[in-house]
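Taken in sequence, the protein lines are chains W and V. For the first sequence, the residue numbers in our numbering are 1 to 93. For the second sequence, the residue numbers in our numbering are 94 to 193.
To be clear, the hints were calculated from the coordinates, so they are not data collected in a lab. A few of these clues could be false.
[Stated by the list, open to error] Not the full set, but computed from the structure, chain V residues with beta-carbon under 8 Å of chain W: (1) Val108; (2) Ile169; (3) Phe177.
Ideal Cβ positions, reconstructed from N, Cα and C, are used throughout, including at glycine.
Each chain is listed here by its residues.
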Amino acid sequence: MIRSELIQKIADENPHLYQRDVERIVNTIFEEVIEAMARGDRVELRGFGAFSVKKRDARIGRNPRTGESVQVEEKHVPFFKTGKLLRDRLNGK
Amino acid sequence: MSDKTLTRMDLSEAVFREVGLSRNESAQLVESVLGHMSDALASGESVKISSFGTFSVRDKAARVGRNPKTGQEVPILPRRVLTFRPSHLMKDRVADGNKR
Chain W
1 MIRSELIQKI ADENPHLYQR DVERIVNTIF EEVIEAMARG DRVELRGFGA
51 FSVKKRDARI GRNPRTGESV QVEEKHVPFF KTGKLLRDRL NGK
Chain V
94 MSDKTLTRMD LSEAVFREVG LSRNESAQLV ESVLGHMSDA LASGESVKIS
144 SFGTFSVRDK AARVGRNPKT GQEVPILPRR VLTFRPSHLM KDRVADGNKR
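Please construct the entire structure, taking both the sequences and the accompanying hints into account.
See the structure below:
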């Protein structure tokens, strides 16, 4: 399923809404999650899962081609942990 | 970093502010979005949201695990797990936003 198919499903269920409003609604939800993580916040959606930010410490990396050492700076990466209900559903429980 | 936790309520509040719907309807729409994504994943389909990321379902083989406390061997049955791969856009925005 891709973004446009998700929008179509929501639009089909809500014939009283304009397609462009459904697009805005769906886009707002994903945008809000990204903005929260960009601030360093968590987004916890019970039953679905939780989005959080993990810190990766600075380290000495290596250029795999030349073998040269390079300093890799500390960085923050997005992380998703599946919720219990969804994990159980994947396994037919 | 503000270290807050957002919930469904914050997402529906954002929908409420963005589109002129009632709070109740905004909350229901957030629920439908999560519901449709969960249904697709539960049926084994992956969910690809451009500029956000991709949720995919992977099959894990059975293996012998160990209770780390007692050292006892326990069988781990084959199971399906969900993985999320963030888009480049999400990675960049999260990295930039959390830079000191």
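Now the hints, each set against the structure:
Taking 8 Å as the C-beta cut-off, the interface hint given for Val108/V holds, the closest approach to chain W being about 5 Å. Below 8 Å, beta-carbon pairs count as interface contacts, and Ile169/V has none with chain W, the closest being about 12 Å; its hint is therefore violated. At a threshold of 8 Å, the smallest CB-CB gap from Phe177/V to chain W is about 4 Å, leaving the interface hint in force.
Of the numbered hints listed earlier, the single one contradicted by the structure is hint 2.
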